[in-house]
Amino acid sequence: MENNPYLEVFIDESKEHLQACNDHLLKLEQNPEDLAIVNEIFRSAHTLKGMAATMGYQDLANLTHQMENVLDAIRNEKIKVDSDVLDVVFDSVDDLEAMVVDISEGGTGERNVERVVAKLYAIETGEPVADKADEKEEQPIHNKREALQIDEFTLTVLEQSAEQQLNNFEVVVTLREDCMLKAARVYMVFEVLEQLGEVVLSDPTVEQLENEEFDTSFTVLLVTKSDQQEVASKINKVSEIEDVSVNHFVVSAYTEPQEEAGQEPEPPSTFNKETETAVATKPKPKQEQQTTSEPKEQKQVGNKTIRINIDRLDVLMNLFEELVIDRGRLEQISNDLNHNELQETVERMSRISGDLQSIILNMRMVPIEQVFNRFPRMVRQLSRDLNKKIDLQIVGAETELDRTVIDEIGDPLVHLIRNALDHGIEGPEERLAKGKNEVGSLELKAYHSGNHVFIEISDDGGGIKREKVIEKAVQNGVVTEEQAANMNDKQVFELIMSSGFSTADKISDVSGRGVGLDVVKNTIESLGGNISIDSRVDEGSVFSIQLPLTLSIISVMLVEVQKEKYAVPLSSIIETAIVKKEDIMHAHNKKVIDFRGKVVPLVFLKDILEVPEALEEDEYYSLVMVRKGDKMAGLVVDSFIGQQEVVLKSLGDYLSGVFAISGATILGDGQVALILDSNALIK
Amino acid sequence: MTEEKSLVKVIVFQLQDEEYTIPVDRVGSIERMMPFTRVPRTAAFVKGVINLRGVVTPIIDLRERFGLEAVENTEQTRIITVTINGMDVGLIVDAANDVLDIQEDSIEPPPEVVGTVEAEYIQGVVKLDQRLFILLNMSKVLSGDDVKQLQEIDV
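Chain order of the listed sequences is A and B.
Sequence positions in the first sequence follow the UniProt record's numbering and run 1 to 683.
Sequence positions in the second sequence follow the UniProt record's numbering and run 1 to 155.
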């Protein structure tokens, strides 16, 4: 990657522009008449094209260029926006995305885009986007003859001339079979052409033509100010010419070999109809002439942000934490000295550093929009695939979350949305039969509450059928019938998130492979969050996800084990309890308790953590009830200290992978407390 | 220039009666003994973790690592934080005395028997005036079999 320093910027910006394209395309779909939106898309596509060309990603640039042509035509009201057109444009954005992803993964960004280019081109020329398969089959037959070999330089010339409002024509001249002096005719044709403009390329080459090394027809690329008709009629004045066809040549469609986008050229004798032909060939060194022109000015969509590597923010955060510790000392000293001015200064400093802290924490916060904004696109596609009508509402996209959480939450949400569309919302007929609006509604809602962010995915679909879930769960051995009978609805719904469970009657492409919801649950729990389901038959379901605002600050319960302090993440704690020694029972040589009707094993932290004994045994055991999925355990501690927000720190590489310890934190007094990984303690 | 080139700046610290050296560029800081938090189920010589200005840093008792008898911490006890293979670790030593320049060519291979420390950790010895310094091979001190054991625990 020779452009390494810029690559990252390129990738980021490309993604942004593609996202902008996606967003605006969706808006355009809603208001097909709004040309301002088209302009926005055009601008994004144009910038993207410029960047891709600068970075040397030809395929990317070409496809963007073709897309731009279509957008331009829309903008100039030559093409009407309809869902077919949008489908194709969406497809091309998909391809662009795939290329950018490829580049970001170290690839070359090359991709076979001929299909999409062909479709874009078809739109541009006003052809209906016919059956795609047919199109593909037809193409090679028409156009073998016209497959031009064009090198990049020539293309640049063509591109520039197009930008200068000159016409690029592909002129196919066929001489009469009985033509005696072919070379002479060719010479005459070329003379005409030179008068009209510039011949950029000829196939076969001029040399071959002069030596009569061709059959009866040849093709040239002409850059001219004249229009089609003029060109054709002037060439026609040369005698012994069978026919002449003049077609617009579209540069960007050249990339892929053998494939020609577009339709059959018009019958040679009619020149009054605007026809454009995009020729797709492989670049091959060959050049004849050059024109110069100023590169088109790039428009910048300005937003005042800078990109900062998240590592730097982490360093900043660390430095700040040091500052906070010193601040604490300073406060202590100033209090001890009881010096008025010093105290004032220290107080002021504390306030400022408090503000600073919130700013630093905020810098890591990103609006959840970053995740949400890909969903309208996805829902649109899925609703088409599934033949359902869906109205997606997004609420609270501006809600902010820590960057690390944002990165992780995308996939689970995708899964839940797919699930809602596939299994939740019914097809239009079924909905009408149930007396509902045929358009299903799906709401994606994010909001802050306390130190958590909630994300709710609600649909007004069929809801979850309790009996069906139980039947399936029993069938798959997730629960026994007796257990199921005692469960409340919420518990039953949670069963669908156990592994190996899928209620879909049919396995579809969209969801329902029996893996997934359990993965969703695990991912969310690993982020320190949890997920719950609420559902009513025929009214719909709500999947609600609770996430911590940030991963670096977590809520813990501080406990004492003998004389050592440990922190247990609040997210895994169900409750605390104090039990009498005699309430402890034995099962399989293990100590267990009866906790609300469930047999829960006890984990003696002081044994597991090899804590030196310092305290005498008590009459009572203090228990922290923790859970991992459906399993529970009671951690035996000596005392509860209380709940606290702590900054999560790693133990360092040297001690990575210590049993049952997920990290450490620094307490108010500067002491390090270890954070227990309760998942490791539950077997 | 030529002389400077062959000089190595080292930090000298004491363990029992012997003086050891670590190249100064490996050393982050030298700290007084501070309270630490024991980390359960790690090797015995891993004393625990300390709060080193906001960074949680593991500390190793070098005496225990080298199989020397344990002593009470004194006023002289120091924690030398070093960076080895990208890992930050604090080493508990009896005292940190000095910074020295050592001529590289004066470093001799370790003798067969040097005190009680196993030769594996020793890169070489340097005689300077009447003092004998032991150059430690820090990656061996941290890694080696013990660390592997440590990682096995959580498997």
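Treat each hint with caution, since some may be false.
[What the hints assert, rightly or not] Under the rule of at most 30 Å between Cα atoms (straight-line distance), these lysine-lysine pairs were calculated in the DSSO-like manner:
1. A:Lys78 - A:Lys27
2. A:Lys468 - A:Lys445
3. B:Lys47 - A:Lys683
4. A:Lys606 - A:Lys490
5. A:Lys631 - A:Lys472
6. A:Lys628 - A:Lys565
7. A:Lys631 - A:Lys580
8. A:Lys445 - A:Lys490
9. B:Lys9 - A:Lys565
10. B:Lys140 - A:Lys563
11. A:Lys565 - B:Lys127
12. A:Lys490 - A:Lys468
13. A:Lys649 - A:Lys590
14. A:Lys182 - A:Lys237
15. A:Lys580 - A:Lys590
16. A:Lys606 - B:Lys127
17. A:Lys649 - B:Lys127
None of these hints come from the bench; they were simulated from the model.
Predicted model, so just to flag it, every value in this text is computed and none were measured.
- Numbers of unmet hints, in rising order: 4, 9, 10, 11, 13, 16 and 17
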